[in-house]
Structure formats: structure tokens, C-alpha cells
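> Chains as they are written, first to last, in numbering that gives the first Met the number 0: chain A, 0 to 394; chain B, 0 to 519.
Because the hints were derived from the structure by calculation, they are not lab data. It is possible that part of the hints are untrue.
[Said to hold, decoys possible] Derived DSS-like pairs (lysine-lysine); straight-line CA-CA distance at most 30 Å: (1) B:K178 - B:K485; (2) B:K73 - B:K49; (3) B:K178 - A:K264; (4) A:K45 - B:K155; (5) A:K44 - A:K309; (6) A:K287 - B:K176; (7) A:K222 - A:K309; (8) A:K287 - A:K2; (9) B:K390 - B:K4; (10) B:K418 - B:K450; (11) A:K44 - B:K179; (12) B:K49 - B:K176; (13) A:K188 - B:K89; (14) B:K49 - A:K45; (15) A:K222 - A:K169; (16) A:K44 - B:K349; (17) A:K287 - B:K178; (18) A:K309 - B:K33; (19) A:K250 - A:K2; (20) A:K188 - A:K86; (21) A:K86 - B:K214; (22) A:K264 - A:K212; (23) B:K73 - B:K4; (24) B:K4 - A:K16; (25) B:K6 - A:K179; (26) B:K152 - A:K179; (27) A:K151 - A:K167; (28) B:K176 - A:K296; (29) A:K309 - B:K179; (30) B:K438 - A:K296.
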Amino acid sequence: MSKYYLAWAKDEEIRKKGANGGFVTATLVSALENNFIDAALVVAKKSVYEGIPVLTSDPEVVKECAGSLHGAPINLTKYVVDYAAKKRIGLPTKPCDARGIIEQAKRRQVNLDNIFMIGLNCGGTLHPLRMREMAADFYELDPDSVVKEEIKEGKIFLVSEEEGGEEKEKWIKIDELEQKGYGRRDACKSCVTKIPTSADLACGNWGVPQGEKKTFVEVLTEKGEAILKNAIDSGYVDIEEAPGKGIEMRKKIEAGMQKLATSWKERMDEVSTLSRSGRFEFYVDALKNCIHCGACKEVCPVCACEADSKCLDMNDERDSYAISMYNMLRIFHLMDSCIHCGQCEDVCPVDIPLTLIQRRFSERMQRHLGYIPGMDVKEKPPLYETELRWSAEAE
Amino acid sequence: MVEMKIKSSICPGCSVGCGLYLLESEEGEEREIKILHRKNSAVNEGKLCKFGTDLHTYYEREVLNNSVEGEEVKQEEAIREAKERLGSIKPDELAFIALPSTITNEEILSFVSLASEFGCENVSFGFERFFREIPEEASYIIEKGLSFSEVEKATKIILFFLDPFVHYPLLARRILKAKKNGARVIEVSFAKNERGIADETVLVEPKGIERIKEKKELFEDSLIIGELTPYMNSQFLELMLWINASTTSRLFLLKPFLNSTGAFLLGGNRNGKEARKRKDLFEILGGIEGGEIKALYLLETDLAGAMHGSEELFETISKLDLLIEQNAFRTPLSDVANITICSEPFFMKKGTLVNIEGRVIENGGESENNVQIMESMGKGRSYEEVHEEVKRRLGLAEISEFEIAVKREEKSFEMAEPKIEIEERKEEEGKEEYFLWYKTNPFFWNGIRAKNFVEISPAAMRKLGLFRGDEVEIVQGERKERMGFKISELPDYLILSEAKMSIKPLQGSLTRVEIRRAGE
Ligand SMILES: Cc1cc2nc3c(=O)[nH]c(=O)nc-3n(C[C@H](O)[C@H](O)[C@H](O)COP(=O)(O)OP(=O)(O)OC[C@H]3O[C@@H](n4cnc5c(N)ncnc54)[C@H](O)[C@@H]3O)c2cc1C
Ligand code: SF4
């Protein structure tokens with residue numbers, strides 16, 4: 000049902016603060032004002048390196064949160080599950096947020112009818128501390144002086160505030176930074192889902208004519224259409240048909256980004272070049288360091304298990320295996336559903352390369368099963384155990 | 000109105016001081032706490048060990064009330080009563096203890112001035128005796144740590160009886176990074192690390208610790224990483240310092256309490272001078288036992304949780320005329336305290352702390368209540384005044400977690416060669432001799448038993464005739480503990496425990512025990 004528009008907030012303040020046309024913010028504000036949703040889940044900026052999720056029913060708070068934070072690699076799924084599962088909410092969703100929410104819906108943790116996913120296209124996020132180092136080492140800026148950041152045309156722009164309040168902009172090509180080990184997180188570099196087609200709307204700057212402060216919006220579902228109509232009817236948002244050239248351009252950029260992601264995926268897979276025993280050693284070496292803190296499970300956007308999960312239940316710390324049952328079970332359990340968002344690796348206290356490990360197992364399985372997690376709520380996770388639970392519930 | 004409040008906070012589990020978010024959600028009556036990962040935290044990049052990940056359970060403990068002799072009272076009354084009773088006791092019969100896990104720099108200053116208001120010099124942050132036992136010029140090693148970037152840059156690291164994955168889990172990744180950068184890691188230990196973090200292991204027998212002195216060349220040009228806890232055997236600390244003094248090495252000692260560095264720097268311990276005059280935790284307990292100390296003020300310190308054998312502790316505490324406990328949560332001693340004063344939980348506090356690296360970090364709360372409680376009995380300063388003094392004393396213009404504000408300068412000092420004595424024991428015929436080694440960790444100091452098993456060698460398993468699912472009994476005189484077991488590659492005589500038991504470590508973290516199959 001895709002329809003394409005260029006859209007913008009009619010409120011000049013919102014439009015100015017917004018990453019592009021301020022459309023996402025204006026849409027959420029109008030949905031709150033008209034009681035279309037009970038709350039919005041947005042990301043508050045503490046600094047360019049720090050964004051904090053905020054669940055609010057206050058439109059003013061939503062307005063304050065306008066703008067994109069590339070240095071806030073958070074996944075909003077678990078916030079929806081834990082704090083808004085029974086509410087009608089609206090939220091911006093990067094592809095991995097949307098995919099996580101869809102997987103949770105399949106596991107009956109959230110009701111998609113109540114969730115309005117205003118998707119954000121996503122070229123990737125940066126780790127905030129790597130971004131600070133990047134600002135100091137490559138941009139030669141005091142990291143604390145950076146007040147704005149933007150990614151466009153394949154470059155990362157940093158704006159610093161100099162003494163006397165003057166702003167200075169510097170940019171470096173992402174490619175150049177990434178060759179040197181900086182730039183986006185590894186999980187983002189190799190992510191091929193750049194447009195959140197499983198959300199209700201997909202918003203971004205790709206396809207917007209240069210110099211125009213508008214948001215390119217693709218309408219993907221009836222819910223998306225409804226929340227957009229609400230924003231237009233209540234006078235918060237203006238739209239125009241997206242030009243064919245813009246639609247083409249957006250597709251082209253998406254394809255280019257996907258190609259780049261595939262090549263990163265291959266380049267970063269250090270295991271594929273190892274011998275059989277080398278691979279075994281790699282896994283043992285990495286996973287033996289696990290301290291069983293449970294953080295990877297806690298943050299996993301597709302895991303719907305609670306404290307009685309198999310990976311915890313069947314793990315006995317008195318076992319002396321080099322790779323624990325906890326890790327083995329997590330690898331197998333996520334084979335059909337891992338979306339490779341890298342949240343687990345971000346929080347791992349001993350830096351286990353979990354994204355790569357999970358990907359090596361799950362990608363092959365997902366290909367084999369013809370299943371892409373997080374894309375279509377009607378497609379059940381194929382692993383038997385989940386089927387079993389589904390049929391038990393149906394009875 | 001729907002609300003989800005996120006505060007930035009710090010994990011009080013150890014001196015690493017990991018940054019985190021604490022999410023308080025409220026809807027109607029319901030209030031829930033969740034721990035989230037703060038990826039912009041300079042200390043830990045959002046990573047947390049199991050203690051940090053499970054921190055919500057720490058905050059879910061029973062809240063302490065304000066009471067006088069068991070009767071619930073208003074806070075002002077508890078404070079008034081505390082002030083009056085403290086004033087009625089002779090200064091040298093008073094003692095103040097604060098193991099500084101949840102205690103901010105501002106509270107340290109208020110605590111010390113509260114004690115001095117009553118003329119009391121017995122203020123313990125848990126480590127005082129060590130200052131007395133070492134040369135003054137070496138005090139800086141106890142007072143200040145090193146930044147983790149120094150660990151990552153080191154070319155040779157010696158893990159001195161330290162398993163980073165267990166003792167200080169967030170240190171492990173720094174050592175792994177150092178290894179990636181080309182560092183050689185050597186462990187000096189009673190047992191080989193099961194995760195194989197070291198390139199080389201120098202195994203030491205408990206009775207042969209002395210012999211490490213013959214391997215001085217091993218330590219040349221290295222960064223030695225060890226731990227200092229209130230239980231440490233002084234001779235063991237002297238050994239570390241002697242190795243450090245007589246080689247071209249640096250010594251980095253981690254500590255179990257989050258704000259140990261803040262307490263050393265602000266609690267009047269500069270160069271260990273004042274600490275030398277003070278009684279330490281165990282000396283104060285000895286003083287209570289001997290009847291010289293009659294009143295004790297405990298600030299956010301769960302003595303029973305931090306010590307082995309609560310029965311003895313209760314007996315000692317029962318000899319006091321006055322026990323005042325200021326805490327956010329109930330502890331086993333709350334029931335016998337004469338006065339309890341309820342303070343705010345750590346995450347709600349406003350204030351600063353110094354982590355082991357020397358970063359001054361700010362807790363994200365808003366409450367000044369704890370400083371106010373102590374100031375209302377002491378000098379009567381405002382929070383701002385105390386905070387300004389903290390900044391002045393630490394020489395801070397601004398506070399940034401991204402700066403190492405408390406730096407240390409390496410100094411040379413002389414150290415006499417120490418002699419290590421291992422407790423003598425009469426060999427009883429037919430009885431196997433085992434050593435129990437406590438691997439301390441954040442759970443250990445907070446009265447939480449996260450593991451219910453000890454690790455033993457395959458040889459011990461065979462000798463004891465154990466099967467999977469059996470339990471063992473660890474015996475030290477009258478004390479007995481029943482535990483599960485895990486088989487690890489250990490020397491035959493060694494038992495490892497990450498859980499705190501009633502068995503007392505007589506030799507630092509090491510002690511002789513007997514072990515048998517439970518139920519025999
Ligand atoms: C990390 C990231 C990468 C992106 N990469 C691309 C790209 O490559 N190509 C492209 O076309 N578009 C990309 N976008 C989308 C684009 O930047 C705009 O968000 C989008 O065009 C909507 O603009 P707007 O002015 O309508 O949104 P706004 O009105 O500014 O609203 C944006 C909303 O996103 C929320 N938000 C901010 N940071 C995050 C975050 N890290 N995670 C989740 N929500 C967040 C804000 O709280 C706000 O509610 C990206 C967005 C993000 C967050
Ligand atoms: S206990 Fe120490 S290492 Fe663990 S999360 Fe807390 S501060 Fe970090």
C-alpha cells in the first residue's frame with residue numbers, strides 16, 4: 000500500500016528543531032493532543048553523546064526531544080514491553096526497534112494494534128564513547144564542545160561551539176573514518192535493513208530535494224495512514240506528493256547502503272577465514288570469558304523469556320564446560336529470531352563479539368528457513384518450540 | 000500523566016564505580032526499579048557485572064525506619080536523641096565506622112566533622128591499620144589507584160593473586176585489551192585462572208608465598224595488579240610493597256568499596272597521617288569487645304554483611320551502650336540498634352565520588368538529606384558549602400567523568416624485607432590439610448550469597464568419594480558450612496569460594512580448613 004510524501008511540521012519551532020521536517024515530532028504531538036495515543040516514547044538529548052528514552056504523555060516533552068541522535072545506540076523494544084505494553088503508544092522506530100517490537104508481538108508481549116511505529120530510516124548509530132574519541136582524534140575538537148552532529152551525503156558533520164558562542168562545522172567522510180576503525184557500530188555497518196518497512200510509516204531524509212527542510216515519508220500500513228491523517232487534519236503537518244526522482248533516489252541510496260553493509264559483513268567476519276580447529280578455538284576463546292551477568296539476555300529485543308528461561312534454568316555454574324549451557328542455549332534459541340542489532344555486544348562486560356557469533360549461526364539458519372525476523376507479524380518464528388507454545392495457547 | 004523517570008547513577012558494588020541508569024516507573028501506587036546500561040559512561044561504557052545488572056534487588060531491600068529503642072519516631076526526634084546520647088559519652092569511648100560503598104565525598108566530610116564535633120578520633124573507613132604498617136611515602140599506593148587506560152597501555156601485567164573476572168569483573172576487559180595491544184600477562188596465584196587470561200602462571204603454594212621473593216626479576220617493568228581489603232594480612236601488603244619498592248614496577252590496588260579513594264583523600268588521611276592515629280574496623284571491634292569503646296555510629300555500613308560469622312559480631316555489639324545506625328536499608332544489626340536513622344537510598348543522593356581510577360563522578364540524585372542529617376548534629380553547614388569544600392580539597396574547578404582528576408605520582412620508598420608467616424597447625428594424623436581461598440567480589444561484601452558452591456580439585460573429589468549432586472562440609476574448628484561443589488583444575492589441597500561463609504580467613508583471604516562429604 001506504499002504511498003510517498005514529503006512532509007513537515009507546520010509549527011516552525013518543531014520544524015527547526017526536527018532532524019528534517021520535524022514531521023515525526025509533529026505527528027506524535029498531534030496524536031497525543033487528540034487522544035489518538037496515551038503516550039509517546041521518544042529519546043531525550045542530554046548531549047550529542049547521550050540520549051535517554053522518555054515515555055511521556057506531555058506534548059511539550061515530545062517537542063523537546065525532536066532531532067536525531069546518532070550517538071544513542073538504544074533499542075526501544077524492551078521499554079515498550081516493560082512500560083507501555085498495555086497503552087496506546089506512538090514512537091520513532093529505527094529498523095531494529097521496529098523488528099524487535101514485531102518479534103515481541105509474535106510472542107504475545109505487546110499488542111501491535113496499540114502501537115504506532117513511526118519508522119526512521121537508519122544508516123547506523125555510533126557508540127557514544129567512540130564518537131568522543133573520534134571528535135578528539137580526527138576532528139581535533141574538544142569532545143565537550145560538540146553541540147550538534149549530523150550524517151548526510153556519506154559524511155559525519157560535527158558542529159562545535161567555540162569560545163564566544165561561535166559555531167564551527169567540520170566533516171569527514173564516513174568511509175575514511177570507518178577504514179580507521181571509527182564511525183558506526185559494527186552491527187550497524189553490517190545491517191542491511193535500512194528502511195523500516197515493518198513499521199507503520201518510514202521517515203527519512205533520503206529522497207528529499209537538497210536544501211529543503213522536509214521529511215520523506217512512506218506510508219506502509221493503515222495505521223500509518225490513520226496517524227498521518229490525524230496529524231494533517233489537526234493542522235500539525237503539511238504534506239505534498241514525493242517527486243518520482245526523490246523516490247528513485249531513495250531506492251538507489253538504500254540499495255547502495257545494503258551493498259556496503261554486505262561487504263562490511265564479509266570483511267568483519269574474521270571466523271570465515273579460519274580453519275576448522277581455528278573456528279572452534281575462536282568460539283571457545285571468546286565464550287569462556289562469559290561471567291554470566293545475564294545482561295545480553297536482559298537487553299535482547301527479541302527475547303521474551305523471563306527469569307525461568309531455558310538458558311538460565313539449564314545452566315548450572317557448577318558445570319565445568321568452557322562454553323556454558325547459557326551461551327549454547329542462547330545461540331540456538333536465537334537462531335531463527337536474532338535481528339543482529341548488537342545490543343548484547345554493547346553491554347557485554349567482557350567484550351564477547353556476540354553480534355558476529357550470533358550472526359554466524361542465525362543467518363545461515365534464517366536463510367535455510369526462509370525467515371527474516373521482525374518483518375512480518377503474520378510469519379511465525381519457525382523453531383518448533385515456539386510453535387508448540389503457540390498451539391498450546393491456541394487451545 | 001504517564002511517567003518513566005530515568006536517573007543516571009553509579010553502581011556501589013566496588014571501587015570501579017560503573018555508571019548506569021536507574022529507571023523508576025510509577026503508575027498509580029506501583030513503583031518499580033530497573034537497571035539500564037549507560038553507554039556514555041566513561042568508566043564502563045554501559046557494561047556492568049552481575050552485581051550491577053542485578054542492582055535492582057539491592058535497592059529492593061527492606062527500608063530502615065527512624066526509631067529510638069525500637070519505637071518508631073520522626074526523623075528529627077531520632078536525630079535529636081542521637082545527638083544528645085553521643086554528647087553524653089566520653090570522646091575516646093566513641094567510634095564511627097563507614098565502609099564507603101554508598102557514601103559520597105560530601106557525606107565523608109560531614110561524617111568526619113560529625114565525629115570531631117563529639118571529640119572522637121576513632122573514625123574508620125576500613126583500612127586505617129595499613130597506613131600504620133607501611134612507610135609514609137608508600138601511602139599513596141593505598142590512597143590512589145590508576146586509570147584503566149594505564150592498564151590497557153601496560154606492556155607487562157602481573158595479576159597478583161587476583162582473578163579479574165571474579166574480583167573486579169570490569170577490569171577483565173581492560174586486561175584483555177592490554178593483551179590485544181601486545182601486553183604479556185602473568186599471574187602469580189595459588190591456582191591457574193580457569194579462563195586462561197594469563198600467558199604464564201607462576202603457581203605459589205600457600206606455605207611457600209615467601210618464595211615469590213626469589214623471583215623479583217619477574218616483576219621488573221610490570222604493572223602489578225592486586226587487591227586491598229580490610230581482611231588483608233599486613234604481611235601480604237608488605238610483600239606487595241616490597242616487590243614494588245625493589246623493582247621497576249608499579250602497583251595498582253583495587254578496593255571493594257566504591258568511594259574508598261574519596262574516603263582516603265577527604266577523610267583526613269592525606270599521606271596516611273591521620274589514619275595512622277586512628278583505630279581501624281577490627282581494632283574498633285576489639286575495643287568494643289574489651290569494653291574501651293561504648294558507643295558506635297554506623298554510617299551505611301552493613302557490618303554483618305561484610306564480615307564472617309555474625310554470631311560473634313552480635314556478641315561484640317551487645318557490649319555497646321549505644322549503637323546508632325544511619326542507613327537506607329535494614330541490616331541484621333538494625334534490630335539491636337538503639338537509634339536508627341533512615342537515610343535516602345544511594346541512587347537518590349546528590350553528590351560526588353572518586354572511583355579507583357581517580358575520576359570524580361557525580362551521582363544523579365537530588366537528595367541532600369544524608370548530609371543534612373549529619374550536619375544537623377555537627378557543624379550545620381549546607382550541602383553547597385560541603386560540596387564546595389570537596390571541590391577545594393580535591394582541587395577541582397569543574398567535575399567531569401572524562402577527566403582523571405585525582406592523579407598519582409609514583410614515588411620511591413624503602414621497604415624492609417617482609418617475612419610471611421602462615422598459621423601453624425598441629426598435624427593430626429589421618430586428617431587431610433586443605434586451604435580455603437576466598438575470591439572476594441561485589442556480592443561478597445554486600446552480604447549476598449550469589450553462589451552456593453565451592454570449587455575443589457578432582458583429586459579432592461576422588462578422595463572424599465563425592466558424586467555429582469553431593470554436598471561438602473567445610474570445617475574450621477567449631478564453624479561448619481555446607482556447600483555444593485564444582486570441579487576445577489586446582490592444586491589438590493586448594494578450595495576456592497566466591498561466597499562468604501562463616502569460616503574466618505585467618506591469613507588474609509586464605510585459611511586452613513578441613514573438608515568432608517556432607518552427611519557423613
Ligand atoms: C540513528 C539514526 C540514523 C538515521 N539514519 C538515516 C539515514 O541514513 N537516512 C535517512 O533517510 N534517515 C535517517 N534517519 C532518520 C532521520 O534522521 C530523521 O529522524 C527522519 O527523517 C525524521 O525526521 P523528522 O524531522 O521528521 O524527525 P524529528 O521530528 O526530529 O523526530 C525524530 C524522533 O526520533 C527520536 N530519536 C532521536 N534519536 C533516536 C535514536 N537514536 N533512536 C530512536 N529514536 C531517536 C527523537 O526523540 C524524535 O522523537 C536516521 C535517524 C536516526 C535516529
Ligand atoms: S560491582 Fe563493580 S564492576 Fe560490577 S557493575 Fe558494580 S561497579 Fe561495576
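> Against the structure shown, which of the earlier numbered hints fail to hold, in ascending order?
2, 4, 5, 7, 8, 10, 11, 13, 15, 20, 21, 22, 25, 29
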